[in-house]
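**Student:** Counting in full-length UniProt numbering, the sequence shown runs from 1 upward without gaps.
These are computed hints drawn from the structure, not numbers from a lab. One should not assume that every hint holds.
As the list claims (entries may be wrong) - Derived DSS-like pairs (lysine-lysine); straight-line CA-CA distance at most 27 Å:
hint : residue 1 : residue 2
1    : 112       : 101
2    : 101       : 219
3    : 133       : 153
4    : 112       : 28
5    : 188       : 112
6    : 132       : 153
Stated by the list, open to error - The calculated label-pair distances, taken between Cβ atoms and stated as ranges, are:
hint : residue 1 : residue 2 : range
7    : 292       : 174       : 38 to 44 Å
8    : 122       : 205       : 28 to 34 Å
9    : 264       : 288       : 34 to 40 Å
10   : 263       : 40        : 27 to 33 Å
11   : 50        : 233       : 32 to 38 Å
12   : 288       : 183       : 52 to 58 Å
13   : 168       : 113       : 39 to 45 Å
14   : 152       : 59        : 53 to 59 Å
15   : 247       : 116       : 43 to 49 Å
16   : 143       : 113       : 37 to 43 Å
17   : 158       : 60        : 36 to 42 Å
All C-beta atoms, glycine included, are put in the ideal place defined by N, C-alpha and C.
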Amino acid sequence: MFILHPYLIAISLVSAIAYSATLVGIHKVLKFNLIFALPGLLVIMGINPLFNHFGVTQLALLQNGNSITLEAIVYGLILGLVLVTTTNWFTAINHILTRDKFVDVVGRVLPKVALLLALSFRFIPLFINQFKKVLHTQNMIGQGPTTARGFTKIRRTLTITSAMFSWTMENAIYVSDAMQLRAYGTHKRKLYLPHRFDPRNWFILASIGILTASVISVKLTGFLSASFNPVINVSGITTHRNSLVTIFGIAAFALLANIPLLLRSYDFFLHLVQRRRSLNLQKDYINESYRSK
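Using the sequences and the hints, build the whole thing.
**Tutor:** Quick look at the structure:
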(Lines of atoms letter the chains of each structure in order from A and count residues from 1; the text may use other names and numbers.)
(Lines give C-alpha, C1' and ligand atoms only; values in the text may rest on other atoms or scores of the structure.)
Protein backbone atom coordinates (compact mmCIF):
# COMPACT_ATOMS: atom_id res chain seq x y z
CA MET A 1 0.00 0.00 0.00
CA PHE A 2 2.90 2.39 0.65
CA ILE A 3 5.21 1.30 -2.18
CA LEU A 4 3.41 1.71 -5.51
CA HIS A 5 6.02 -0.21 -7.45
CA PRO A 6 4.44 -2.35 -10.22
CA TYR A 7 6.73 -5.32 -9.55
CA LEU A 8 5.92 -5.38 -5.84
CA ILE A 9 2.18 -4.98 -6.43
CA ALA A 10 2.21 -7.81 -8.98
CA ILE A 11 4.13 -10.09 -6.60
CA SER A 12 1.82 -9.25 -3.72
CA LEU A 13 -1.30 -9.87 -5.84
CA VAL A 14 -0.10 -13.25 -7.09
CA SER A 15 0.97 -14.27 -3.58
CA ALA A 16 -2.37 -13.19 -2.08
CA ILE A 17 -4.39 -15.08 -4.69
CA ALA A 18 -2.23 -18.20 -4.33
CA TYR A 19 -2.45 -18.18 -0.54
CA SER A 20 -6.19 -17.49 -0.52
CA ALA A 21 -6.66 -20.34 -2.99
CA THR A 22 -5.04 -22.75 -0.52
CA LEU A 23 -7.48 -21.58 2.17
CA VAL A 24 -10.85 -21.36 0.40
CA GLY A 25 -10.19 -22.94 -2.98
CA ILE A 26 -9.19 -21.55 -6.34
CA HIS A 27 -12.78 -21.45 -7.63
CA LYS A 28 -14.00 -19.18 -4.82
CA VAL A 29 -11.02 -16.88 -5.21
CA LEU A 30 -11.45 -16.55 -8.97
CA LYS A 31 -15.20 -16.02 -8.58
CA PHE A 32 -14.65 -13.31 -5.98
CA ASN A 33 -12.09 -11.50 -8.11
CA LEU A 34 -14.16 -11.68 -11.27
CA ILE A 35 -17.38 -10.51 -9.61
CA PHE A 36 -16.09 -7.89 -7.15
CA ALA A 37 -12.39 -7.14 -7.54
CA LEU A 38 -12.15 -6.83 -11.32
CA PRO A 39 -15.13 -4.44 -11.67
CA GLY A 40 -13.67 -2.29 -8.88
CA LEU A 41 -10.34 -2.22 -10.68
CA LEU A 42 -12.00 -1.12 -13.93
CA VAL A 43 -14.04 1.55 -12.17
CA ILE A 44 -11.00 3.10 -10.48
CA MET A 45 -8.98 2.85 -13.68
CA GLY A 46 -11.74 4.60 -15.63
CA ILE A 47 -12.65 7.28 -13.09
CA ASN A 48 -9.15 8.42 -12.14
CA PRO A 49 -8.26 9.96 -15.57
CA LEU A 50 -11.54 11.95 -15.51
CA PHE A 51 -10.62 13.75 -12.29
CA ASN A 52 -6.80 13.72 -12.41
CA HIS A 53 -5.26 15.35 -15.45
CA PHE A 54 -1.58 15.31 -14.55
CA GLY A 55 0.98 13.93 -16.95
CA VAL A 56 2.59 14.98 -20.19
CA THR A 57 1.45 12.16 -22.50
CA GLN A 58 -1.92 13.42 -23.76
CA LEU A 59 -4.22 10.77 -25.22
CA ALA A 60 -7.49 12.69 -25.60
CA LEU A 61 -8.91 16.15 -25.03
CA LEU A 62 -12.25 16.62 -23.29
CA GLN A 63 -14.80 19.30 -24.15
CA ASN A 64 -14.12 21.19 -20.92
CA GLY A 65 -10.48 21.60 -21.87
CA ASN A 66 -9.07 18.90 -19.62
CA SER A 67 -7.00 16.12 -21.11
CA ILE A 68 -6.81 12.39 -20.49
CA THR A 69 -3.20 11.39 -20.02
CA LEU A 70 -1.37 8.10 -20.03
CA GLU A 71 0.14 8.82 -16.62
CA ALA A 72 -3.32 9.24 -15.03
CA ILE A 73 -4.54 5.97 -16.55
CA VAL A 74 -1.48 4.05 -15.34
CA TYR A 75 -1.80 5.60 -11.89
CA GLY A 76 -5.47 4.56 -11.76
CA LEU A 77 -4.47 1.04 -12.77
CA ILE A 78 -1.90 0.92 -9.97
CA LEU A 79 -4.43 2.14 -7.39
CA GLY A 80 -6.96 -0.44 -8.60
CA LEU A 81 -4.38 -3.22 -8.30
CA VAL A 82 -3.58 -2.07 -4.77
CA LEU A 83 -7.28 -2.31 -3.88
CA VAL A 84 -7.59 -5.80 -5.40
CA THR A 85 -4.42 -6.98 -3.67
CA THR A 86 -5.49 -5.64 -0.27
CA THR A 87 -8.91 -7.26 -0.65
CA ASN A 88 -7.36 -10.65 -1.38
CA TRP A 89 -5.06 -10.39 1.63
CA PHE A 90 -8.03 -9.58 3.87
CA THR A 91 -9.81 -12.62 2.47
CA ALA A 92 -6.95 -14.71 3.84
CA ILE A 93 -6.94 -12.81 7.13
CA ASN A 94 -10.63 -13.59 7.70
CA HIS A 95 -9.82 -17.31 7.59
CA ILE A 96 -6.51 -17.27 9.49
CA LEU A 97 -7.08 -14.69 12.23
CA THR A 98 -9.86 -16.45 14.10
CA ARG A 99 -11.65 -15.06 17.15
CA ASP A 100 -9.64 -17.05 19.66
CA LYS A 101 -6.34 -15.89 18.13
CA PHE A 102 -7.44 -12.26 18.07
CA VAL A 103 -8.61 -12.38 21.68
CA ASP A 104 -5.38 -14.15 22.67
CA VAL A 105 -3.24 -11.38 21.17
CA VAL A 106 -5.30 -8.52 22.64
CA GLY A 107 -5.75 -10.25 26.01
CA ARG A 108 -2.05 -10.06 26.81
CA VAL A 109 -2.12 -6.26 26.84
CA LEU A 110 -5.78 -5.28 27.36
CA PRO A 111 -7.62 -8.09 29.18
CA LYS A 112 -10.84 -6.10 29.66
CA VAL A 113 -10.94 -5.18 25.99
CA ALA A 114 -10.31 -8.83 25.13
CA LEU A 115 -13.23 -9.88 27.31
CA LEU A 116 -15.48 -7.31 25.66
CA LEU A 117 -14.42 -8.50 22.22
CA ALA A 118 -14.99 -12.13 23.18
CA LEU A 119 -18.51 -11.31 24.36
CA SER A 120 -19.15 -9.33 21.17
CA PHE A 121 -17.89 -12.13 18.94
CA ARG A 122 -20.11 -14.58 20.82
CA PHE A 123 -23.11 -12.27 20.70
CA ILE A 124 -23.15 -11.79 16.92
CA PRO A 125 -23.93 -15.43 15.96
CA LEU A 126 -26.39 -15.71 18.86
CA PHE A 127 -28.19 -12.59 17.66
CA ILE A 128 -28.36 -13.90 14.09
CA ASN A 129 -29.74 -17.27 15.20
CA GLN A 130 -32.33 -15.64 17.45
CA PHE A 131 -33.37 -13.29 14.66
CA LYS A 132 -33.88 -16.25 12.30
CA LYS A 133 -36.01 -18.00 14.94
CA VAL A 134 -38.21 -14.94 15.54
CA LEU A 135 -38.58 -14.30 11.81
CA HIS A 136 -39.46 -17.94 11.15
CA THR A 137 -42.03 -17.93 13.96
CA GLN A 138 -43.67 -14.76 12.68
CA ASN A 139 -43.82 -16.17 9.16
CA MET A 140 -45.39 -19.42 10.41
CA ILE A 141 -48.25 -17.57 12.14
CA GLY A 142 -48.76 -15.29 9.14
CA GLN A 143 -47.32 -12.15 10.76
CA GLY A 144 -44.02 -12.00 8.88
CA PRO A 145 -42.92 -8.83 7.06
CA THR A 146 -42.12 -10.68 3.82
CA THR A 147 -45.81 -11.16 2.93
CA ALA A 148 -46.98 -7.67 3.91
CA ARG A 149 -46.86 -4.29 2.22
CA GLY A 150 -46.88 -0.65 3.21
CA PHE A 151 -47.51 0.24 6.85
CA THR A 152 -48.33 -3.37 7.69
CA LYS A 153 -44.82 -4.42 6.69
CA ILE A 154 -43.31 -1.58 8.75
CA ARG A 155 -45.44 -2.53 11.78
CA ARG A 156 -44.44 -6.21 11.58
CA THR A 157 -40.78 -5.28 11.14
CA LEU A 158 -40.95 -3.04 14.22
CA THR A 159 -42.52 -5.92 16.15
CA ILE A 160 -39.58 -8.19 15.32
CA THR A 161 -37.12 -5.38 16.13
CA SER A 162 -38.79 -4.82 19.53
CA ALA A 163 -38.59 -8.53 20.28
CA MET A 164 -34.90 -8.58 19.38
CA PHE A 165 -34.16 -5.57 21.61
CA SER A 166 -35.92 -7.28 24.50
CA TRP A 167 -33.99 -10.47 23.89
CA THR A 168 -30.70 -8.54 23.71
CA MET A 169 -31.24 -6.84 27.08
CA GLU A 170 -32.40 -10.08 28.68
CA ASN A 171 -29.36 -11.93 27.33
CA ALA A 172 -27.06 -9.20 28.67
CA ILE A 173 -28.61 -9.61 32.14
CA TYR A 174 -28.12 -13.39 32.01
CA VAL A 175 -24.47 -13.00 31.02
CA SER A 176 -23.87 -10.41 33.76
CA ASP A 177 -25.48 -12.63 36.42
CA ALA A 178 -23.48 -15.64 35.25
CA MET A 179 -20.21 -13.67 35.48
CA GLN A 180 -21.05 -12.45 38.98
CA LEU A 181 -21.90 -15.96 40.14
CA ARG A 182 -18.50 -17.06 38.85
CA ALA A 183 -16.88 -14.32 40.99
CA TYR A 184 -15.63 -12.28 38.07
CA GLY A 185 -13.78 -9.18 39.22
CA THR A 186 -13.37 -10.26 42.85
CA HIS A 187 -9.74 -11.36 42.49
CA LYS A 188 -6.84 -11.09 40.10
CA ARG A 189 -7.66 -12.54 36.73
CA LYS A 190 -5.59 -15.41 35.37
CA LEU A 191 -4.85 -15.35 31.67
CA TYR A 192 -5.31 -18.58 29.74
CA LEU A 193 -2.96 -18.76 26.76
CA PRO A 194 -3.68 -21.66 24.39
CA HIS A 195 -0.93 -20.54 21.99
CA ARG A 196 2.75 -20.68 22.89
CA PHE A 197 5.76 -19.10 21.24
CA ASP A 198 8.28 -21.77 20.26
CA PRO A 199 11.63 -21.41 18.42
CA ARG A 200 9.84 -21.77 15.10
CA ASN A 201 7.66 -18.74 15.85
CA TRP A 202 10.66 -16.65 16.86
CA PHE A 203 12.48 -17.66 13.67
CA ILE A 204 9.51 -16.67 11.52
CA LEU A 205 9.09 -13.38 13.38
CA ALA A 206 12.79 -12.58 12.95
CA SER A 207 12.60 -13.45 9.25
CA ILE A 208 9.64 -11.14 8.76
CA GLY A 209 11.45 -8.33 10.57
CA ILE A 210 14.65 -8.74 8.54
CA LEU A 211 12.84 -8.91 5.20
CA THR A 212 10.63 -5.94 6.06
CA ALA A 213 13.66 -3.88 7.10
CA SER A 214 15.42 -4.84 3.86
CA VAL A 215 12.50 -3.71 1.70
CA ILE A 216 12.16 -0.43 3.63
CA SER A 217 15.90 0.21 3.34
CA VAL A 218 15.86 -0.32 -0.43
CA LYS A 219 12.80 1.94 -0.67
CA LEU A 220 14.49 4.72 1.30
CA THR A 221 17.52 4.59 -0.97
CA GLY A 222 15.27 5.24 -3.98
CA PHE A 223 15.81 1.93 -5.75
CA LEU A 224 12.14 0.94 -5.34
CA SER A 225 10.63 4.32 -6.13
CA ALA A 226 7.67 4.80 -8.44
CA SER A 227 6.22 8.14 -9.52
CA PHE A 228 3.60 8.93 -12.17
CA ASN A 229 3.56 12.73 -12.16
CA PRO A 230 4.46 14.36 -14.46
CA VAL A 231 6.11 11.37 -16.14
CA ILE A 232 6.23 7.67 -15.33
CA ASN A 233 9.44 6.99 -13.44
CA VAL A 234 9.78 3.48 -11.99
CA SER A 235 12.97 1.97 -10.60
CA GLY A 236 14.03 -1.11 -12.51
CA ILE A 237 11.98 -0.14 -15.57
CA THR A 238 12.79 3.43 -16.54
CA THR A 239 15.64 4.06 -14.06
CA HIS A 240 18.20 1.88 -12.24
CA ARG A 241 17.72 -0.86 -14.80
CA ASN A 242 19.10 -4.24 -13.73
CA SER A 243 20.36 -2.68 -10.51
CA LEU A 244 21.44 -5.26 -7.95
CA VAL A 245 19.89 -3.20 -5.15
CA THR A 246 16.52 -3.14 -6.93
CA ILE A 247 16.70 -6.87 -7.60
CA PHE A 248 17.58 -7.48 -3.94
CA GLY A 249 14.59 -5.42 -2.78
CA ILE A 250 12.21 -7.24 -5.12
CA ALA A 251 13.56 -10.63 -4.04
CA ALA A 252 13.22 -9.72 -0.36
CA PHE A 253 9.63 -8.61 -0.88
CA ALA A 254 8.81 -11.76 -2.88
CA LEU A 255 10.08 -13.91 -0.04
CA LEU A 256 8.21 -11.80 2.53
CA ALA A 257 4.91 -12.01 0.62
CA ASN A 258 5.20 -15.79 0.23
CA ILE A 259 6.05 -16.65 3.84
CA PRO A 260 2.42 -17.65 4.57
CA LEU A 261 2.30 -19.86 1.48
CA LEU A 262 5.65 -21.47 2.34
CA LEU A 263 4.51 -22.19 5.90
CA ARG A 264 1.26 -23.72 4.70
CA SER A 265 3.12 -25.84 2.16
CA TYR A 266 5.53 -27.00 4.86
CA ASP A 267 2.64 -27.94 7.18
CA PHE A 268 0.94 -29.80 4.33
CA PHE A 269 4.17 -31.70 3.65
CA LEU A 270 4.47 -32.67 7.31
CA HIS A 271 0.85 -33.81 7.26
CA LEU A 272 1.52 -36.05 4.27
CA VAL A 273 4.61 -37.52 5.95
CA GLN A 274 2.71 -38.24 9.16
CA ARG A 275 -0.17 -39.75 7.24
CA ARG A 276 2.16 -41.98 5.26
CA ARG A 277 3.87 -43.05 8.47
CA SER A 278 0.51 -43.83 10.05
CA LEU A 279 -0.51 -45.92 7.04
CA ASN A 280 2.76 -47.83 7.21
CA LEU A 281 2.21 -48.54 10.89
CA GLN A 282 -1.28 -49.81 10.14
CA LYS A 283 0.06 -52.07 7.39
CA ASP A 284 2.74 -53.44 9.72
CA TYR A 285 0.14 -54.09 12.40
CA ILE A 286 -2.10 -55.90 9.92
CA ASN A 287 0.82 -57.99 8.64
CA GLU A 288 1.89 -58.91 12.16
CA SER A 289 -1.67 -59.88 13.05
CA TYR A 290 -1.91 -62.02 9.92
CA ARG A 291 1.40 -63.75 10.66
CA SER A 292 0.43 -64.43 14.26
CA LYS A 293 -2.75 -66.13 13.08
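**Student:** All the hints need checking, so say for each whether the structure fits it.
**Tutor:** Cross-check of the supplied hints:
no., hint, verdict
1, 112 to 101, "holds, 16 Å"
2, 101 to 219, "violated, 32 Å"
3, 133 to 153, "holds, 18 Å"
4, 112 to 28, "violated, 37 Å"
5, 188 to 112, "holds, 12 Å"
6, 132 to 153, "holds, 17 Å"
7, 292 to 174: 38 to 44 Å, "violated, 59 Å"
8, 122 to 205: 28 to 34 Å, "holds, 30 Å"
9, 264 to 288: 34 to 40 Å, "holds, 36 Å"
10, 263 to 40: 27 to 33 Å, "holds, 29 Å"
11, 50 to 233: 32 to 38 Å, "violated, 23 Å"
12, 288 to 183: 52 to 58 Å, "holds, 55 Å"
13, 168 to 113: 39 to 45 Å, "violated, 21 Å"
14, 152 to 59: 53 to 59 Å, "holds, 56 Å"
15, 247 to 116: 43 to 49 Å, "holds, 48 Å"
16, 143 to 113: 37 to 43 Å, "holds, 40 Å"
17, 158 to 60: 36 to 42 Å, "violated, 53 Å"
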